[in-house]
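Start from the sequences and build out the full structure, keeping to the hints where you can.
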Amino acid sequence: MDQHHHLFDVGGAHVARLEDLRLIKGEGCYAADWKLPNQAHAAFLRADRAHAKIVSVNTEAARKAKGVLGVYTGTDAFSAGYVKPLSMLTFAGKDGMKARIPDRVVLAHGRVRFVGETVAMVVAETALQAQDAAELIEVEYEELPVVVAPESALADGAPQLHDNVPGNLAFEQEAGDAAAVAAAFAKAAHVTKLKLDCTRVAPSPMEPRACLVGYDAGSGAYTIHVPVQGINMMRMQIATYTGVPDDKLIIKARDVGGGFGQRSIAYTEYVALMIAAKALNRPVKWVATRSEAFMSDSHGRANYITAELALDKDGTFLAMKLDWIADLGAYLHPAGPVSPMRNPVTCLNGVYKTPALFGRWRVALTNTVPVSAYRGAARPEIAYTIERLVDESAAQMNIDPAELRRRNFIPPQAFPYKTPTGSVYDIADFPGVLAKALKLADVAGFAKRRADSEKRGLLRGQGMATVIENSGAGMFPKDEIRLEVAADGNITAYSVSHSQGQGHETTFAQIIGDGLGIPAERIKLRQGIAEQGLIGNHTGGSRTIVGAGTVCSIAAKKLIEHATPLAAEQMGVEPSQVTYANGVFQSTESERKITLGELAAKKPLTVTGEGKFGSTFPNGCHIAEVEIDPQTGVTDVVSYVTVDDCGTVINHTIVEGQMHGAVAQGWGQIFGENIVYDPETGQLLTGSFADYPMPKAGWIRDITIADHTTFGTISPLGVKGMGESGCTASLGALANAVMNALRPLGVPPLDMPLTAHKLWQAIAAAKKGH
Amino acid sequence: MYAFQYRKAKTLQEAVDWLAKDEEARPLSGGMTLLPTLKARLAQPSQLIDIAGLAELAGIENKNGVLTIGAATRYYQIATSPVVREVLPALASLVSTVADPQVRNRGTLGGSVANNDPAADSPAAVLALNATVITNKREIAADDFFQGMFTTALEPGELVVKVAFPLPRAAAYCKFPHPASGYAVAGVFIAQTAAGVRVAVTGAGASGVFRWSEAEQALAKDMSAAAIDKLTLAADDINEDIHGSREYRAQLVKVMAGRAAAAISGKK
Chain Z
1 MDQHHHLFDV GGAHVARLED LRLIKGEGCY AADWKLPNQA HAAFLRADRA HAKIVSVNTE
61 AARKAKGVLG VYTGTDAFSA GYVKPLSMLT FAGKDGMKAR IPDRVVLAHG RVRFVGETVA
121 MVVAETALQA QDAAELIEVE YEELPVVVAP ESALADGAPQ LHDNVPGNLA FEQEAGDAAA
181 VAAAFAKAAH VTKLKLDCTR VAPSPMEPRA CLVGYDAGSG AYTIHVPVQG INMMRMQIAT
241 YTGVPDDKLI IKARDVGGGF GQRSIAYTEY VALMIAAKAL NRPVKWVATR SEAFMSDSHG
301 RANYITAELA LDKDGTFLAM KLDWIADLGA YLHPAGPVSP MRNPVTCLNG VYKTPALFGR
361 WRVALTNTVP VSAYRGAARP EIAYTIERLV DESAAQMNID PAELRRRNFI PPQAFPYKTP
421 TGSVYDIADF PGVLAKALKL ADVAGFAKRR ADSEKRGLLR GQGMATVIEN SGAGMFPKDE
481 IRLEVAADGN ITAYSVSHSQ GQGHETTFAQ IIGDGLGIPA ERIKLRQGIA EQGLIGNHTG
541 GSRTIVGAGT VCSIAAKKLI EHATPLAAEQ MGVEPSQVTY ANGVFQSTES ERKITLGELA
601 AKKPLTVTGE GKFGSTFPNG CHIAEVEIDP QTGVTDVVSY VTVDDCGTVI NHTIVEGQMH
661 GAVAQGWGQI FGENIVYDPE TGQLLTGSFA DYPMPKAGWI RDITIADHTT FGTISPLGVK
721 GMGESGCTAS LGALANAVMN ALRPLGVPPL DMPLTAHKLW QAIAAAKKGH
Chain S
1 MYAFQYRKAK TLQEAVDWLA KDEEARPLSG GMTLLPTLKA RLAQPSQLID IAGLAELAGI
61 ENKNGVLTIG AATRYYQIAT SPVVREVLPA LASLVSTVAD PQVRNRGTLG GSVANNDPAA
121 DSPAAVLALN ATVITNKREI AADDFFQGMF TTALEPGELV VKVAFPLPRA AAYCKFPHPA
181 SGYAVAGVFI AQTAAGVRVA VTGAGASGVF RWSEAEQALA KDMSAAAIDK LTLAADDINE
241 DIHGSREYRA QLVKVMAGRA AAAISGKK
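Chains Z and S supply the protein sequences, listed in that same order.
As numbered in the numbering used here, residues 1 to 770 make up the first sequence, in order.
As numbered in the numbering used here, residues 1 to 268 make up the second sequence, in order.
Read the hints as simulated data drawn from the structure, not as lab findings.
Keep in mind that the hints are not guaranteed to be accurate.
[Unchecked claim] Here chain Z is said to cover these stretches of chain S; the calculated rule only asks that three of the stretch's residues, wherever they fall, bring their Cβ under 8 Å from a Cβ of chain Z:
| hint | region |
| --- | --- |
| 1 | 174-183 |
| 2 | 248-255 |
[Claimed, not checked] Restricting the straight-line Cα-Cα distance to at most 30 Å, the calculated cross-link-like pairs of lysine-lysine (BS3-like) are:
| hint | chain 1 | residue 1 | chain 2 | residue 2 |
| --- | --- | --- | --- | --- |
| 3 | Z | K696 | Z | K25 |
| 4 | Z | K767 | S | K63 |
| 5 | Z | K455 | S | K39 |
| 6 | S | K230 | Z | K768 |
| 7 | S | K39 | Z | K35 |
| 8 | Z | K558 | Z | K478 |
| 9 | Z | K448 | S | K268 |
| 10 | S | K10 | Z | K455 |
| 11 | S | K39 | Z | K25 |
| 12 | Z | K64 | S | K39 |
| 13 | Z | K768 | S | K21 |
| 14 | Z | K66 | Z | K278 |
| 15 | Z | K767 | S | K267 |
| 16 | S | K8 | Z | K66 |
| 17 | Z | K524 | Z | K478 |
| 18 | S | K39 | Z | K66 |
| 19 | S | K21 | Z | K66 |
| 20 | Z | K767 | S | K268 |
| 21 | Z | K696 | S | K39 |
| 22 | S | K10 | S | K21 |
| 23 | S | K8 | Z | K758 |
| 24 | Z | K455 | S | K221 |
| 25 | Z | K353 | Z | K193 |
| 26 | S | K267 | Z | K448 |
| 27 | S | K267 | Z | K768 |
| 28 | Z | K35 | Z | K98 |
| 29 | S | K8 | Z | K455 |
| 30 | Z | K758 | S | K268 |
Model, not experiment: these values are computed from the prediction.
We put the beta carbon where it would ideally sit given N, CA and C, even for glycine.
Written out as structure tokens, the structure reads:
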């Protein structure tokens, strides 16, 4: 029996989520649910054009409108000094290049650079009054030329967005060994080249953004109720933006309705509200509309990659090279450019032993909504790139795609494996993962199913992706979990890492309950409690189970260690004469016993566990099977299989839920989600759910989920992160399946989104060509 | 949303009177188009006159070969009505493809017909079935009612009260829904009526729902997908946007028409 399995005899395989009853009964408390006495309401006037000089802002009529308490513009934001957002792009680029970070005044000052940028803020007694008054503000603009495509932004003569970002190039880096790659390509028997667009998408959490800022004039402290992925990350960003010290920024959050990276950011609106709360000495609240979300919440992906794979005649990968352009929009969010600069380099070889790798990365600025991390944060993009190259190579060289992968896998005996770009993959079994997936997807029976589809006039395809990704190492020095025992023996656990739907209340309780031998239902998790002053990472980069989750186990052990001498004292014995099991300390010398609760009743019983754990390397194989109707171009995904290695599984229900959601997000991106800007005007053309197709439940009928586990070596629990791996694998698997269906017609490689319209056009063009 | 006054009318006459007194007032039925428009601050009515609960606008009746449906009847009520399912199943099936369950539980037939969204489903049924739109003032034939996108024969102060559908010998509706909105990118309603075969196309037309006369003639001779296959739909009058070219929409009209024909006759 493996020790990791043994650890989880309390949790078990499938455990229903403890938070769900509360949430489905409407008892959640989201950002817009907070109310403070005497609160006022804000509305933002947003730029209605993509690039223009602000000649003047006339707020006179708005100030006189009914209920209006204050109107604030770029002048106010500039004089407050709220100009420079945090940047985590602190490492050196090509030839020591330092990142060029544009200023971003929280209310546009002098110029607007994307449609939706905050230009002015109106605060009134009611939200409706604020919205009405915002329409009375007159802004005189002088239009400037617009650029929305990143390749165009980097070209000579492009409109320039920021004085300190010449050529709209905010950063450039290289990684790998250019000379080794050139040598390998020179002797290659075959080269596969693809241009891959990982489209810009709108992450669209169910909960819209909202923020309520209170100000205490006596202490100078701000209380900020806002959706977060962790309060510390939010505080750090706001402190940097405003210069207000950490201890004067109290960030509060309870339930968060979806994050995907988008909720980790301190947006301009939050900081602008601080100006009003202080000026008016009243709490000020703002709740975004969905339209505002489309034009001001961070967008995701938007990476444009030219990729080449060199192979020898047997299909052995010799080298890969990339030219990668990351479109970050009009300004840089704190971690926005870090994701595409760091994550692809970490897993640049994917699951393969490709010996030579080289890439060039450029960060482009455009007149569009700023881009930041979105579930996977450039891990899906690099995996998509590699897996599209592998499948195209297999087709071009007439090698079975599974066999081509097998020939190039890092073998199980090679772990820990140091990659050409310096990462260390600790443990994995790629052939085992693949074999299991091939079997579950009945790959052997595919030819017969394809023939059956053909009889019905449909094109059938099967595609796979075998991928690996790094879970986030975390940027804070450690993760802390505090346990507080109540007199009834129930335990409150405090964490910084904040659930946006991941189910921390369940998994954390399971781990702590397992460590203490008590039911998970007796442990109540509280997140986002500023007063606890805990150190810890936000939830992101699939890191929570590895960091905070592991610390839950450490804290449980620490609680027993800490309480044992206290129990001994109560029972009048030596600590060495005390045993602990299932919430009860027992004397080995007598019948005496005392429970955790009884101990806590005598004096407060609290411990804080801590730990720091780095990246893990979850991996997996997804196989998709599709049927395409050539008459309409519609793709029906008829089968989807996932086999993942995320180490120890704490709760299969939650792991499966993560997989469902992440695969659906990949599905959405491949088949429809796509932010489109008018190239001439920079207007957002897909600014509502009437034009922007989210994946719908009916599209996704069934996902077969299995695991093939190697226990991670980073965490003593054996866990690996898994919140994003479904996105990472699904983009490639789905696109490969579509191309597998279309390739026999002579359809050339297509880019996402693979809409029905696009596929029909491609099929029609291929038929004409015949 | 701008501020407005909400008033719930007790009788049709009261609603008509209130609307007559205030040009800026708007009738509110299911609100599934109007409310999102208000939320986006794209309309600023002074009053919303709620007509959804009016007895005059309620009810489903099958009499003398005519199915009459009150304007405020919700899609869900039509889709699940045993009468509609028995005598005009194509209509029950059409309304069950409108948007999502939330919208079907609020949205009304009369609201959709009066709004005449060029991508709405109901106008295709009204036009193909040669229905009569009954208002508080008169009866209007479907061929005269729809006058281009978001435009109808309704005059100010005129409200749709009922829609009367003469029962066809057979009918079918096939729709290609927009993946985001659920509206028809192309929807084709075919009806075999006393006046011959009628084919109405929604979603694709540059000026809203229209009759496709070539298809009507071809299907009168041969109700089959093959008959449609031979036709060419001129792309000139077809709508084009970022979601679909003219050629694609024209193709979808043909495919949906062929499938609707096959659903009626069983002939591919």
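- Can you give the numbers of the hints that this structure goes against, from lowest to highest? Hint check: 4, 5, 10, 13, 23, 28 and 29 fail, others pass.
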